[in-house]
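**Student:** Listed below are the residues making up each chain.
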Amino acid sequence: MIKSNLIYKYVLSLLLVLMVFLPLVVKSSFVLEILVRILLFAFIGTAWNLLGGYAKQLSLGHSAFFGLGAYTSTLLQIDLGISPWIGMVVGGGVGLLASLPIGWLCFRLKGPYFTISTIATANVLMLIFLKFRDLAWGAEGTTIPNLGNAPLMMQFDNKVPYYYILLGLLIIALTITAWIERSRMGYYLIALGEDEDAAEASGVDVVKVKRNIYMISAFLTALAGTFYTQYIYFIDPQTAFNFNVSIEAALVSIVGGIGTLWGPVIGTVLLETTTILLQSYLGNSIGGIQLTVYSLILMAVILVRPTGIVGYFKEKSQARSST
Amino acid sequence: MSDALVINNLNKKFGGLHAVNDVSFSVRENETLALIGPNGAGKTTAFNLIMGFHRPDSGSIKAMGHEISGLRPHEVCKLGMARTFQVAKPFGGMTVLENVMTGAFLREPKTHASREVARESINFLGLGPKEKFAARDLTTIDQRRLEMARALATQPKILLLDEVMAGLNPAEVDQAVELVKKLSSRGLTIVIVEHLMRAIMAVAKHMVVLDHGQKIAEGSPDEVIQNPEVVRAYLGSGYVKPQGESKHD
Amino acid sequence: MLETVLQAVVNGLLIGGIYALVSIGVTLIFGVVKIVNFAQGEFVMIGMYISYYLSTQFGIDPVVSVLISMPILFVAGVLIQHYLIRRVLGLNDLPQIFLTFALSLLITNLSLMFFTANYRTIHTWYSDEALHLGGIYIPYAKLVSFVLAMVLSGALWLFLRSTDLGKAMRAASQNRDVAQLMGINPNRVFAVALGIALALAGAAGSLLMPFYPAYPMVGQVFVLMAFVAVVLGTLGNVLGALVASLLMGVAESLGIQFVGADSGLIVVFVLLLVTLALKPSGLAGGWRK
Numbered sequence: 001m002i003k004s005n006l007i008y009k010y011v012l013s014l015l016l017v018l019m020v021f022l023p024l025v026v027k028s029s030f031v032l033e034i035l036v037r038i039l040l041f042a043f044i045g046t047a048w049n050l051l052g053g054y055a056k057q058l059s060l061g062h063s064a065f066f067g068l069g070a071y072t073s074t075l076l077q078i079d080l081g082i083s084p085w086i087g088m089v090v091g092g093g094v095g096l097l098a099s100l101p102i103g104w105l106c107f108r109l110k111g112p113y114f115t116i117s118t119i120a121t122a123n124v125l126m127l128i129f130l131k132f133r134d135l136a137w138g139a140e141g142t143t144i145p146n147l148g149n150a151p152l153m154m155q156f157d158n159k160v161p162y163y164y165i166l167l168g169l170l171i172i173a174l175t176i177t178a179w180i181e182r183s184r185m186g187y188y189l190i191a192l193g194e195d196e197d198a199a200e201a202s203g204v205d206v207v208k209v210k211r212n213i214y215m216i217s218a219f220l221t222a223l224a225g226t227f228y229t230q231y232i233y234f235i236d237p238q239t240a241f242n243f244n245v246s247i248e249a250a251l252v253s254i255v256g257g258i259g260t261l262w263g264p265v266i267g268t269v270l271l272e273t274t275t276i277l278l279q280s281y282l283g284n285s286i287g288g289i290q291l292t293v294y295s296l297i298l299m300a301v302i303l304v305r306p307t308g309i310v311g312y313f314k315e316k317s318q319a320r321s322s323t
Numbered sequence: 324m325s326d327a328l329v330i331n332n333l334n335k336k337f338g339g340l341h342a343v344n345d346v347s348f349s350v351r352e353n354e355t356l357a358l359i360g361p362n363g364a365g366k367t368t369a370f371n372l373i374m375g376f377h378r379p380d381s382g383s384i385k386a387m388g389h390e391i392s393g394l395r396p397h398e399v400c401k402l403g404m405a406r407t408f409q410v411a412k413p414f415g416g417m418t419v420l421e422n423v424m425t426g427a428f429l430r431e432p433k434t435h436a437s438r439e440v441a442r443e444s445i446n447f448l449g450l451g452p453k454e455k456f457a458a459r460d461l462t463t464i465d466q467r468r469l470e471m472a473r474a475l476a477t478q479p480k481i482l483l484l485d486e487v488m489a490g491l492n493p494a495e496v497d498q499a500v501e502l503v504k505k506l507s508s509r510g511l512t513i514v515i516v517e518h519l520m521r522a523i524m525a526v527a528k529h530m531v532v533l534d535h536g537q538k539i540a541e542g543s544p545d546e547v548i549q550n551p552e553v554v555r556a557y558l559g560s561g562y563v564k565p566q567g568e569s570k571h572d
Numbered sequence: 573m574l575e576t577v578l579q580a581v582v583n584g585l586l587i588g589g590i591y592a593l594v595s596i597g598v599t600l601i602f603g604v605v606k607i608v609n610f611a612q613g614e615f616v617m618i619g620m621y622i623s624y625y626l627s628t629q630f631g632i633d634p635v636v637s638v639l640i641s642m643p644i645l646f647v648a649g650v651l652i653q654h655y656l657i658r659r660v661l662g663l664n665d666l667p668q669i670f671l672t673f674a675l676s677l678l679i680t681n682l683s684l685m686f687f688t689a690n691y692r693t694i695h696t697w698y699s700d701e702a703l704h705l706g707g708i709y710i711p712y713a714k715l716v717s718f719v720l721a722m723v724l725s726g727a728l729w730l731f732l733r734s735t736d737l738g739k740a741m742r743a744a745s746q747n748r749d750v751a752q753l754m755g756i757n758p759n760r761v762f763a764v765a766l767g768i769a770l771a772l773a774g775a776a777g778s779l780l781m782p783f784y785p786a787y788p789m790v791g792q793v794f795v796l797m798a799f800v801a802v803v804l805g806t807l808g809n810v811l812g813a814l815v816a817s818l819l820m821g822v823a824e825s826l827g828i829q830f831v832g833a834d835s836g837l838i839v840v841f842v843l844l845l846v847t848l849a850l851k852p853s854g855l856a857g858g859w860r861k
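Chains as they are written, first to last, in the numbering used here: chain H, 1 to 323; chain X, 324 to 572; chain R, 573 to 861.
Looking at chain H on its own, in the form it has when it is part of the complex:
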């Protein structure tokens, strides 16, 4: 037991060192782009996993928080000149606050209908931002004025700093997840995910726990929204509230292993690698091929191993201790 714990810590430290020094070794902008994508979706997936993986509240509307974060920081930046660093945290706060009414509404239905309600609320937000031009530039969106290299305004002239920002965010998200896993909240999350009634009877305030985890999950997702806007220098409702963000957040977690610490990370690495291989074989010419492959992978996972990659290993070790 002690030995495997030590090995785990050793590997983890190695991985951390690797990730920190990677951009200094990798010079290709193309590869850096891929790494940024992987870190971004690992981060979003980890945020989603708190609510959807541990507590099994399967939201497909997390793009709501992504978009709110994105718009908050952009509005603060363009209208008031406030740095996106601050805007990012404020955006997180907006996402967190939004999760309260959204959660209140959506939790009134259970299971798949909860999922549908989250889709609906994310859609409503997109429609609102599309329709009301006075709110925030309407359907055309806006670009972020390019200030060249402006670290204080979260703008950089090369990809490396973005990589480090995301790495930092991912480490924060993973740390939060690991901490929750070990604490009372972690047990309560898994319990209510398995059986809400039994959890209630065991003293779990299910409503409060769901609300709290939704807030954390929303906060983190909103941070990603700010980041992405700064990264692509552009925002519009279709991009900010894009359904694909919601899908991919859930997808990487399910494939990698819902309710596990490393599930979303592993799932992202797997799926992004597949995408890259696909793109190099088939190019971008055939529309729909990427999602076709993703959906086939998802179906395979659901039918064969719903607990995902990490879940598979976890179950094997559990089975071993049950003998």
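Bear in mind the hints are in silico, worked out from the structure with no lab data behind them.
Any given hint might turn out to be false.
Counterexamples of contact, computed for chain X against chain H with all Cβ distances above 10 Å [claimed, not checked]:
| hint | residue |
| --- | --- |
| 1 | Ser325 |
| 2 | Asp345 |
| 3 | Ser347 |
| 4 | Ser383 |
| 5 | Ser392 |
| 6 | Gly393 |
| 7 | Asp460 |
| 8 | Lys480 |
| 9 | Val500 |
| 10 | Lys528 |
| 11 | Glu546 |
| 12 | Ile548 |
| 13 | Asn550 |
| 14 | Pro551 |
| 15 | Tyr557 |
Restricting the straight-line Cα-Cα distance to at most 16 Å, the calculated cross-link-like pairs of lysine to aspartate or glutamate (EDC-like) are [what the hints assert, rightly or not]:
| hint | chain 1 | residue 1 | chain 2 | residue 2 |
| --- | --- | --- | --- | --- |
| 16 | X | Lys528 | X | Glu352 |
| 17 | H | Lys316 | X | Asp460 |
| 18 | X | Lys433 | X | Glu421 |
| 19 | X | Lys401 | X | Glu431 |
| 20 | X | Lys505 | X | Glu443 |
| 21 | X | Lys480 | X | Glu398 |
| 22 | R | Lys606 | R | Asp665 |
| 23 | X | Lys455 | X | Glu486 |
| 24 | H | Lys110 | H | Glu196 |
| 25 | H | Lys314 | X | Glu421 |
| 26 | H | Lys56 | H | Asp197 |
| 27 | X | Lys528 | X | Asp345 |
| 28 | X | Lys401 | H | Asp197 |
| 29 | H | Lys208 | H | Glu196 |
| 30 | X | Lys401 | H | Asp205 |
| 31 | H | Lys159 | H | Glu33 |
| 32 | X | Lys433 | H | Glu181 |
| 33 | X | Lys455 | H | Glu315 |
| 34 | X | Lys504 | X | Glu352 |
| 35 | H | Lys56 | R | Asp665 |
| 36 | X | Lys505 | X | Glu354 |
| 37 | X | Lys504 | X | Glu354 |
| 38 | H | Lys56 | H | Asp157 |
| 39 | X | Lys480 | X | Asp326 |
| 40 | X | Lys480 | X | Glu354 |
As the structure is a computational prediction, the values presented were derived from the model and not from experiment.
All residues carry an ideal CB built from backbone N, CA and C; glycine is no exception.
Got chain H sorted already, so can you dock chains X and R onto it with the hints?
**Tutor:** Coordinates of chains X and R only, in the frame set by chain H:
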């Protein structure tokens, strides 16, 4: 000894079905009360009402002196009442230890302390060697033990046991009876819903009989089984012994 | 003013009939099989493409092609139940939700690959003709589709009420364990439920072709409508889904008329959110304590 649980004029309707109809009874501290009745009599509904899973239409439920009708289940649990479910509801993906820790966390917010309380509860119920087993891999009786251990870990004063002996073989029933007695010896007030007469007789001195949502009898086991209403409820009118005569065929 | 409102209401009812076909399928599956079919809209889309090709290749009228699209989709439903759905029954929510969700993604993107994103339309001899009834303009195509949608809904209702299989489905919907004890084979019942639901979706697609374009993503609009109708009409309640669909068609139409051309969807969503806030169990549902 004061009353641990007092039910007064409890009523609950589901659509046209009067599931619990003006039921009243009291349970003294450290007493074991058996709640019996034919299937569909309203026993589990009564439990659900007491624990807060449903809101009663009218009536009052007092536990340890507090009015608890209308409270949510976790609030009731916090006040000192725990239950097991008729069909065991383990947290399948968690181990036995993790399951029971979930209950222990109610009183012990820190993981370390919670683990200690959970272990104590697990050992009390005889599941010690299996603490690392995945809950879904347990046998039926072990899952029942797990339910009890998890409930016990919330450090309740009142324990509601819903048909913990259903589907057990005779040896297992004996074990279950011992467990219930052990729980009572810890000072717990117990309300047990059960069908198995010999099990009930072994643990309870006080019985309440429900039929079609109404209380039809209350008293000691001997009094109750001779009550014509009770016989009628379980076996039909043909079996009711007219006073002083022997049973017809 | 009254005329405008009346026209909007009529428009809404006409399209509501189509929404009904889609949402009845969803609520039927949910009631009987207890899963939510996220891919329902995609089967509408398939129905549309079937009719499109039958029309352009063989000159078969879309309304007539209902006779072809429905059986095809019925078989598809049975196969999907047998090979896919059956394997995730009895598990918890996650596999059930994401299986049909993945199916939806798969079908949409396969269509994108094979049919391309281009809009496909059919122009029939009656596509531009309409009935003029006291100042109200009723396009033939929409009227026919509405009437047929009601006929199909009525047929389903009769089936559920009068036939053994229909009653078995209602039984399984209300209490699966008891139904099983009575000798009803759940898999058979589920397969039929899936088949019927998908056939209705296919019919909706075929009926849409004379006045609606086909494209790979078209299903998503209809499925969202269907879900709102199912919630509004109470989960599992076929009549509720029908009524709710008509209501939603009208709400959407009034929204388009009086709020803005792009506001149909938002009105519908607001309807959903209001339902969630006030009465989550839907029109026919009991009050939750």
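**Student:** Holds or violated: are the alpha carbons of Lys504 (chain X) and Glu354 (chain X) at most 16 Å from each other?
**Tutor:** holds (11 Å)
**Student:** Is the hinted pair Lys504 (chain X) and Glu352 (chain X) satisfied, with a Cα-Cα distance of at most 16 Å?
**Tutor:** holds (15 Å)
**Student:** Is the Cβ of Ser325 (chain X) farther than 10 Å from every Cβ of chain H?
**Tutor:** Given that every Cβ of chain H is farther than 10 Å from that of Ser325 (chain X), nearest at about 24 Å, it holds.
**Student:** Does the claim that Gly393 (chain X) lies off the interface hold, with its Cβ farther than 10 Å from every Cβ of chain H?
**Tutor:** holds (15 Å)
**Student:** Per the stated criterion, does the least C-beta distance between Pro551 (chain X) and chain H lie above 10 Å, as a non-interface residue requires?
**Tutor:** Check passes; 37 Å lies beyond 10 Å.
**Student:** Holds or violated: are the alpha carbons of Lys455 (chain X) and Glu315 (chain H) at most 16 Å from each other?
**Tutor:** holds (12 Å)
**Student:** Run the distance test for Lys56 (chain H) versus Asp157 (chain H): straight-line Cα separation, threshold 16 Å.
**Tutor:** violated (40 Å)
**Student:** Was Val500 (chain X) rightly flagged as not at the interface, with every chain H Cβ beyond 10 Å?
**Tutor:** About 23 Å separates Val500 (chain X) from the closest Cβ of chain H, which puts it past 10 Å; holds.
**Student:** Mind verifying the non-interface call on Ile548 (chain X)? Its CB should be farther than 10 Å from each CB in chain H.
**Tutor:** Given that every Cβ of chain H is farther than 10 Å from that of Ile548 (chain X), nearest at about 31 Å, it holds.
**Student:** Against the 16 Å threshold, does the CA-CA distance of Lys401 (chain X) and Asp205 (chain H) hold or violate the hint?
**Tutor:** Given pair Lys401 (chain X), Asp205 (chain H) holds - Cα atoms ~10 Å apart, limit 16 Å.
**Student:** Given the hint that Lys110 (chain H) pairs with Glu196 (chain H), test it: the Cα-Cα distance must not exceed 16 Å.
**Tutor:** Within the cut-off at roughly 11 Å; holds.
**Student:** With 10 Å as the threshold, tell me whether Ser383 (chain X) passes as away from chain H on beta-carbon distances.
**Tutor:** holds (21 Å)
In summary, the structure is inconsistent with hints 7, 23, 27 and 38 from the numbered list given earlier, while agreeing with the others.
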